[in-house]
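J.: Spelled out from the first residue to the last, the chains are:
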Amino acid sequence: MTGPHDAKTDRDERLKSAFLALAATSADECSDDEIDRIWRAASGELDAEARRDLVDRMAASPAAAEAWRVAQAMRDAQGYPALPAVETRHSWSPTWIGLAAALVLTIGLGLFQLNRSTTQPADVYRDQAAPTMVESLVPSDSTLPRDAFLLRWSPGPAGSRYQLRVTTDDLRVLTTVADVNTPELTIPAAALDSVAPGGRVLWQVVTTLPSGQTVSSPTFVVRVP
Amino acid sequence: MKAVARLCPGWLASQRDDLVQAAVMRVMKILEQQAHTGEGDQPLAASYLHKVAYSALVDEIRRTTRRRETDLEDAAVEHVAITTQDPERVAASRQVGRGIQDCLSRMQRDRRLAVTLYLQGHTVPETARVLEWPAKRADNLVYRGLADLRQCLLAKGMRP
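Here the protein sequences come in this chain order: U and Z.
Per this note's numbering, numbering of the first sequence is gapless, rising by one per residue and ending at 373.
Per this note's numbering, numbering of the second sequence is gapless, rising by one per residue and ending at 161.
In short, the hints are calculated from the structure, not lab data.
Check each hint, because a few of them may be wrong.
Incomplete in silico selection of chain U near chain Z, CB under 7 Å [what the hints assert, rightly or not]:
{"#": "1", "residue": "Phe167"}
{"#": "2", "residue": "Trp187"}
{"#": "3", "residue": "Arg200"}
{"#": "4", "residue": "Val203"}
{"#": "5", "residue": "Arg205"}
{"#": "6", "residue": "Ala207"}
{"#": "7", "residue": "Pro293"}
All C-beta atoms, glycine included, are put in the ideal place defined by N, C-alpha and C.
Work out the full structure, taking the sequences as your base and the hints as a guide.
T.: Here is the structure:
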């Protein structure tokens, strides 16, 4: 027997199928520039408004929608990190803001009168929520000894966890280490055995902030001797 | 170019060899150009190779689609013979697809963006990340947008 939830899911799946099938019969085309922009949008290289414009275009262009799906499928297959999540923000109407401000002011003044020694809330939460830029502390394209292949990066706020992905130039994964709690990691020499002398090693860090937000670093390059 | 084969999405498995071949040709061409300009010693960055493979895939898919359209015009009977789906269902799905496009074009922009990504197979958290909205807002807009879409399709006499 099919419940209401199953029926809704089936209906949604049919909507999705019909939308995706448009690409198979549509004659519209994407320009090279558009294809390039879609890749960059999926990579997080374009700002949010540019991404929204492209999504808007996808609603009308099955070819653009298809290019987006290809970009996503390829990025997923290659294990690229997801775009960072946005913190929850409340968009209140001016009326509500006014009422809230008045209420806060009234309560605040009352509390101030009652207890002047009330402890101020710590700023740590705001600091933790601030965007974090992950930077390599290893000079770009420098050569690291195989037996002391120490990768270091700028730390996130206290409590941050890191995931490190290390690959060769031809995208072969050398190692992936999750749940690292210090902003550095030594890659075992054995993991570098397959890299030829002078070969390039690419590495990237995904920082999970205490708030749960994730921040991806650019891809950094070092060499093995 | 093993990477290209690995990257090729599963839903294109039947054309994987052709697509990989096209991507290989594209990369070879770029390498040749680099050799001519004296930049041949520079290794290609992984991200660049991915992008090249992506462009080749998109091009090939569009080419395959165009080829199929031409085949359809030339030999509609043959197409019917090879299709595994009920032609009536295929036609109905196409009609609903066009209805969805029209309904999306009439929808309020933010709802349209949310529903478009939903129809593309994105989850609400993914939609929120792509559009840089809080998850709650993305969830609301998907919900309201889908309600608009169903209502619009019903008004067109479509009940997907």
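J.: Failing hints, ascending?
T.: 5, 7
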